[in-house]
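Number of protein chains: 2
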Amino acid sequence: MSAVTSTRIVLASRPHGEPTVDNFRTETVELPDLSDGQVLLRTVCLSLDPYMRGRMSAAESYAEPVEVGDVMVGGAVAQVVQSRNPRVAAGSYVLAYSGWQTHAVVDGNAVRVLDPSLAPLSTALGVLGMPGFTAYSGLLKIGRPQEGETVVVAAAAGPVGSAVGQIAKIHSARAVGIAGGPDKCAYLRDELGFDAAIDHRSPDFADRLKAAVPDGIDVYFENVGGPVTAAVLPLLNLYARIPVCGLVSQYNVASTPEGPDRLPAFMGLVLTKSLTVRGFIQSEFVREMYADFERDASRWVADGRLKYREDVVHGLDNAPAAFLGMLHGKNFGKLVVRVGPDDG
Amino acid sequence: MSAVTSTRIVLASRPHGEPTVDNFRTETVELPDLSDGQVLLRTVCLSLDPYMRGRMSAAESYAEPVEVGDVMVGGAVAQVVQSRNPRVAAGSYVLAYSGWQTHAVVDGNAVRVLDPSLAPLSTALGVLGMPGFTAYSGLLKIGRPQEGETVVVAAAAGPVGSAVGQIAKIHSARAVGIAGGPDKCAYLRDELGFDAAIDHRSPDFADRLKAAVPDGIDVYFENVGGPVTAAVLPLLNLYARIPVCGLVSQYNVASTPEGPDRLPAFMGLVLTKSLTVRGFIQSEFVREMYADFERDASRWVADGRLKYREDVVHGLDNAPAAFLGMLHGKNFGKLVVRVGPDDG
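Line by line, the protein sequences are chains A and B.
Just so we're aligned, residue 1 is where the first sequence starts under full-length UniProt numbering, counting upward by one.
Just so we're aligned, residue 1 is where the second sequence starts under full-length UniProt numbering, counting upward by one.
In case anyone wonders, no lab produced these hints; they're calculated from the structure.
Check each hint, because a few of them may be wrong.
The list cannot tell twin chains apart, which means a pair is met if one copy fits it or any two copies do.
Stated by the list, open to error - List of simulated lysine to any residue pairs, SDA-like, C-alpha gap at most 20 Å:
#1 Lys141 - Ser274
#2 Lys273 - Phe285
#3 Lys330 - His171
#4 Lys169 - Gly193
#5 Lys169 - Pro214
#6 Lys273 - Arg189
#7 Lys141 - Leu238
#8 Lys307 - Asp207
#9 Lys330 - Asn318
Please model the entire structure based on the sequences and the hints provided.
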């Protein structure tokens, strides 16, 4: 057969502060022939997630940065076009960390084979994938919500936040979501069953949040930082837990923020409230908790207790703009790029 | 018998920032007759500890503030002069939370009876008392040092810090102490067996600290805050633990510190290093760990593996000045005020 080509989006340059579409470039490359053990993938849908902002920068993070000129990283659902790995049959569907491209040659031992009869394929990128597991592991392992406690989560209409609130409810805690705009807040209350939802854009946001947590806050699932966190801190109870999952509001900040210096007061609060503040990446808990997550989350999705919403963008070319919008909360639900049809 | 009087030091006024001796006042009062269950105590020695600075302020803390005009709080070793409680015989020695005074009438059920044959009485205020248990519980429950890991502690020549480093050594970790001045550093290395000791007053403190932790820092036992913490943060390893026990460097800061705002960068570090930051007060762990502490610490003291040093000030009148000096690290060892003789 003639050589297969892949259209891919590479990091053209590192952003200084706010990224723009000029930090990305589209290329078409010829893929190499398969070696033993490898598979050729055709991307069906690509996941866009806030952590990718960190990969665009050279600053030390929990993972290697994407090099300038390299394809942007990301999880994807793909169909196997050709296989030289007995584990993975041609025609099957897999979850792969194959990035922003239409086709890829990868190690067949590094993909997870999906059963398309169990749930829509794209859920492997959201509620039944990394975002769902991030919510499950961070909330249950670090947040440890107890019956009747109050759990607050921001970016609550997103794939992680919506799962955090619903899993908190399943564990008999009160769930309070913070989101941007009345539509997202209505969705949290009316569709997902959050006990309260607060619009962080409302001018009296801090007062509304306070009114929504009459017994204080026992768990704050941190994935935004910034003014939302500032409003949460005075409401934390003794022994409150803060799983720190992300800080999307500060990913694009290029300069050191102006004063006053709030770190001493924060440490004072940690001391006087006996707070637990714990950063984490879901991969830390995979060995210990992933099997439990798969069992619980697939059952909850089937029961209708764990709902999800997708925001689907069509065409790989639209990935950069969709990604940049996500950093400002423009998506409503798990942001997925439809790169090709389910059946290729 | 004629009425017993007590000489006591009361809080005369709340400090704004740095406290002074004028915030204290000495009074002599007549004590009431004993009711059923009460005991009359004669103070032998009084403990001075950094947490007392917090009690002088009205700001929300983990405990009620001392009211203006009330006697300053504090732990003390005392002899029972008179008892109307069958639990506590006249003549026996007790640990009581009876405060800065020569005599006190307290509930006999709230004191701990001491065995003066086991260890010097004053150790109940230090290595075998609250400071020792603070070190033991915070280090072992939150810090969880593993064999070969590096534990850093500041105020390391003080009663908590010196126990932290020695207990870390007993658990096969490396202990690095930070203290003020060459005498204290020599004591940590030569007497207590710390692997390294760094003088935080040296102009190249941050470089020296870095050189002393070639494998990074796995546990930072936080009891000072300020510039020491700033030097520690860049050296923390993935999954490092920070038990937050005290912040003595910022207790006297009255105004909001100038910028830049270091909180966003700190939260970013928590995220990228998967840090655990956990405030605590030793009382949280008493039920779970105090019996283990008493068994372990008394054995370690008897074995010579857990050494201690006391800085004894004579006379209750000298307590305010000694307390103010302690907030600047002027004591060398557990600060104890000798109020009366062992045998009254």
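(message) So, against the hints stated earlier in the document, which numbers end up violated here?
(response) 3, 6 and 8
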